[in-house]
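Participant: Spelled out, the chains give:
There are 2 protein chains.
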Amino acid sequence: MSNADLLARRARLLGPNVSTFYDEPVHLVKGEGVWVWDAEGNRYLDCYNNVPHVGHCHPRVTDAICRQAGMLNTHTRYLHEGILNYVERLTGTFEGDLSTAILTCSGSEANDIALRMAEAVTGKHGIIATDHTYHGNTSAVAHLSRTNIPAQGDGSHVRHVPAPDSYRPLGGDGGLAHARTFAAKVQEAIDDLESSGHGFAAVIFCPAFLNEGFPVLEPGWLDPVAKVVQKAGGLFIADEVQPGFGRNGERFWGHQRIGVTPDIVTMGKPMGNGHPVAGLVTTPDIMAAFRKSFRYFNTFGGNPVSCAAAMAVLEVLEEEGLQENARRVGAFARDGLGRLAEKHEQIGDVRGYGLFFGAEIVLDRGTKAPATKYTTRVVNEMRRRGVLMNKLGIHYNTLKIRPPMPFSQDHAELMLDTLDGVLADLGMPRD
Amino acid sequence: MSNADLLARRARLLGPNVSTFYDEPVHLVKGEGVWVWDAEGNRYLDCYNNVPHVGHCHPRVTDAICRQAGMLNTHTRYLHEGILNYVERLTGTFEGDLSTAILTCSGSEANDIALRMAEAVTGKHGIIATDHTYHGNTSAVAHLSRTNIPAQGDGSHVRHVPAPDSYRPLGGDGGLAHARTFAAKVQEAIDDLESSGHGFAAVIFCPAFLNEGFPVLEPGWLDPVAKVVQKAGGLFIADEVQPGFGRNGERFWGHQRIGVTPDIVTMGKPMGNGHPVAGLVTTPDIMAAFRKSFRYFNTFGGNPVSCAAAMAVLEVLEEEGLQENARRVGAFARDGLGRLAEKHEQIGDVRGYGLFFGAEIVLDRGTKAPATKYTTRVVNEMRRRGVLMNKLGIHYNTLKIRPPMPFSQDHAELMLDTLDGVLADLGMPRD
Numbered sequence: 259m260s261n262a263d264l265l266a267r268r269a270r271l272l273g274p275n276v277s278t279f280y281d282e283p284v285h286l287v288k289g290e291g292v293w294v295w296d297a298e299g300n301r302y303l304d305c306y307n308n309v310p311h312v313g314h315c316h317p318r319v320t321d322a323i324c325r326q327a328g329m330l331n332t333h334t335r336y337l338h339e340g341i342l343n344y345v346e347r348l349t350g351t352f353e354g355d356l357s358t359a360i361l362t363c364s365g366s367e368a369n370d371i372a373l374r375m376a377e378a379v380t381g382k383h384g385i386i387a388t389d390h391t392y393h394g395n396t397s398a399v400a401h402l403s404r405t406n407i408p409a410q411g412d413g414s415h416v417r418h419v420p421a422p423d424s425y426r427p428l429g430g431d432g433g434l435a436h437a438r439t440f441a442a443k444v445q446e447a448i449d450d451l452e453s454s455g456h457g458f459a460a461v462i463f464c465p466a467f468l469n470e471g472f473p474v475l476e477p478g479w480l481d482p483v484a485k486v487v488q489k490a491g492g493l494f495i496a497d498e499v500q501p502g503f504g505r506n507g508e509r510f511w512g513h514q515r516i517g518v519t520p521d522i523v524t525m526g527k528p529m530g531n532g533h534p535v536a537g538l539v540t541t542p543d544i545m546a547a548f549r550k551s552f553r554y555f556n557t558f559g560g561n562p563v564s565c566a567a568a569m570a571v572l573e574v575l576e577e578e579g580l581q582e583n584a585r586r587v588g589a590f591a592r593d594g595l596g597r598l599a600e601k602h603e604q605i606g607d608v609r610g611y612g613l614f615f616g617a618e619i620v621l622d623r624g625t626k627a628p629a630t631k632y633t634t635r636v637v638n639e640m641r642r643r644g645v646l647m648n649k650l651g652i653h654y655n656t657l658k659i660r661p662p663m664p665f666s667q668d669h670a671e672l673m674l675d676t677l678d679g680v681l682a683d684l685g686m687p688r689d
Numbered sequence: 259m260s261n262a263d264l265l266a267r268r269a270r271l272l273g274p275n276v277s278t279f280y281d282e283p284v285h286l287v288k289g290e291g292v293w294v295w296d297a298e299g300n301r302y303l304d305c306y307n308n309v310p311h312v313g314h315c316h317p318r319v320t321d322a323i324c325r326q327a328g329m330l331n332t333h334t335r336y337l338h339e340g341i342l343n344y345v346e347r348l349t350g351t352f353e354g355d356l357s358t359a360i361l362t363c364s365g366s367e368a369n370d371i372a373l374r375m376a377e378a379v380t381g382k383h384g385i386i387a388t389d390h391t392y393h394g395n396t397s398a399v400a401h402l403s404r405t406n407i408p409a410q411g412d413g414s415h416v417r418h419v420p421a422p423d424s425y426r427p428l429g430g431d432g433g434l435a436h437a438r439t440f441a442a443k444v445q446e447a448i449d450d451l452e453s454s455g456h457g458f459a460a461v462i463f464c465p466a467f468l469n470e471g472f473p474v475l476e477p478g479w480l481d482p483v484a485k486v487v488q489k490a491g492g493l494f495i496a497d498e499v500q501p502g503f504g505r506n507g508e509r510f511w512g513h514q515r516i517g518v519t520p521d522i523v524t525m526g527k528p529m530g531n532g533h534p535v536a537g538l539v540t541t542p543d544i545m546a547a548f549r550k551s552f553r554y555f556n557t558f559g560g561n562p563v564s565c566a567a568a569m570a571v572l573e574v575l576e577e578e579g580l581q582e583n584a585r586r587v588g589a590f591a592r593d594g595l596g597r598l599a600e601k602h603e604q605i606g607d608v609r610g611y612g613l614f615f616g617a618e619i620v621l622d623r624g625t626k627a628p629a630t631k632y633t634t635r636v637v638n639e640m641r642r643r644g645v646l647m648n649k650l651g652i653h654y655n656t657l658k659i660r661p662p663m664p665f666s667q668d669h670a671e672l673m674l675d676t677l678d679g680v681l682a683d684l685g686m687p688r689d
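Sequence lines, in order, name chains A and B.
Numbering follows the numbering used here, in which position 5 of the first sequence is assigned residue number 263; successive positions increment by one, without gaps.
Numbering follows the numbering used here, in which position 144 of the second sequence is assigned residue number 402; successive positions increment by one, without gaps.
Simulated from the structure, these hints should not be mistaken for lab results.
Take these hints with a grain of salt, some might be off.
The list treats identical chains as one, so a pair stands whether inside a single copy or across any two.
Simulated pairs of lysine to aspartate or glutamate, EDC-like, Cα-Cα distance not exceeding 20 Å [unchecked claim]:
id	residue 1	residue 2
1	K550	D412
2	K382	E452
3	K626	D689
4	K631	D449
5	K288	E339
6	K489	E577
7	K649	E603
8	K626	E600
9	K382	D412
10	K288	D321
11	K288	E576
These numbers come from a predicted model, not from an experiment.
Excised from the complex, chain A in its bound form:
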């Protein structure tokens, strides 16, 4: 079946505006490690997908799913050791009293709960997020994102602060000055929420601001914000759906790398290597406040099969040393991008952490004018040459490179060589 036929079937069965990647979408049929294959047998290096965290179809995870699915799959109103063993191991990766968890099916569901936890603790509704974020797809969390039109209420309880941008820092100065400017913006939003009557309940940030374009932010950068939030009596929700589970290379969680202790940590995509499992971790006090104020039960959340998949992911991460791999290969790849920047004037900035990194493509290094359309052409040309990546950021001109964790130096070299050729062949951007 041709791509045109598949796209026609999608339009008929799934409706209009269901987005696909690339000018010519990829019809995938098989995956293994960092590789995927299309229906015609073409192989692609996957530099994009963080969901197959320990590699596409990792046999350890697949075996764990098969074994448990053949044994028992039921919900948490019966006792089962699977969820307890998993939550014990998961919370063991956290500091302080981040020691209790709720498991859900999606990161959206986890963030949706986090908002209610903030309400239960503070008695207030107001939430602060950045103006270039995404925290999920339920009605409540869609309010947080400017790329969704919110529903069931007007979203007047949400304030957006300018996303941190280390390449073009607000106020002109980077580093600690930038951190203080950001904290001041959060303080303004808190004051506005308090005076509006909503009150201030929480901030929700990806601690590496990955959708915002993964700015370079040194450890301590979030301290001024954390201080402002704490002083105002709100909660700090860290959305670790992307930077967590070792991806940043240095520490297991993104908030640990930047050195902030959140009140609630939410997680999702990579947690079950593709199996729909997600959740949040918080303190016993916050959990008790939530459980006192709200009844919550999730039929599929924390079922034995989901827990088996998630446990296998933690085991593989440790046994295969994938956090260290992310640190080492990520550094190697960023160095490689830096060398490409010496040859290709259109690379304005190279940045990232571990296996979440990329390069900002600009029309001119002096003006830093974003080469948004050109970046789309780069991504499409990479796909044609067998390397899957995408773009993101405030100006949508930043290459988004976020491969499965077993990404090796050889894979990085193949990606860099291909990118070198594409940038050379496309030449300097004009748009």
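Keeping the supplied structure of chain A fixed, place chain B upon it in accordance with the hints.
Facilitator: Chain B alone, transformed into the frame defined by chain A:
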């Protein structure tokens, strides 16, 4: 590990108030067909779980999950035939132009989308549900249920109408008079929403009112309500999370049995036999309105493994004739409950559809006073004798019997014999 130890670990790792079933919770370790086993090797007849729809650990479903999890698991921004083949087969079970679908991880996510669809079509927010319902756990759908304390907004856009009750019909008359009384209550709620400024967007009902206690409602009973809703320009959302997928025995979907055509049908629990897959089906026009107003992407929704699991469920239902089994065994079991009612005065009413049925336990048949606490004792004693069921309904005095679909006459007889003994041994209720 003892139950006491497991409960202590749960309290520590999952927090307080995470409910379990029964005075003495069951520590399950294995499931097969309609049977589950606890850690001590005791076998239980499962008369409760609709999630393992075609039977616990059905090998066809497990094989489908294993095969696809070992081949590829990714999201819908790549082309894949799995979701298209599944949605084609799924929508083939619907009438009219209910021909497009969105797949999610949970029924909660599906209902959350349905509310936004109603908003996209009508431009209004007001939703009507019954006063004894449950439609899920996201912030937006938690508003619909009185058993949740809503969050992120005050829920002032929700109106609750009295749940239909064929045993104690509102106004005193059953049948069509009851239907008209119910429709009048919905009309009142619509008028109230319109005058309050919220406007009327949709009703959301389980078309068999299962949580409400599965009242006996003949085909045509919902016609007066459907007329009122249509005249007011609102949508009819049918929450088929429980009655769908052949469970009612007579037709594949609950709304088909009662003879109403909804605008949106949501589904969940049984869809993947325990694998976290859910979704909704609607018309192309409603889907287009939603896709025009809202951006929506669900990372795990419609992934190849979820679709393989869900497809296997549809195949097994057909190949094993499970809808016909539900009709036949359900009728046999209800007849059996009727015979028990001749012996046991405490059974006030027997009702249900297919493999969702039960008996209302009362203190006195004349006053119909509910024997709520006694019903809890019945459920706990059934569990001690190896038969798992629960209770529900407006007065929480109705036995909830909702077994996996391969439930046979022999299984029904075992359940009936056990119940006969329990009712005899407990004697007449006093509370």
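Participant: Which earlier hints turn out false for this structure, listed by number in ascending order?
Facilitator: Going through the list in order, the structure violates hints 4, 6, 11 and respects the others.
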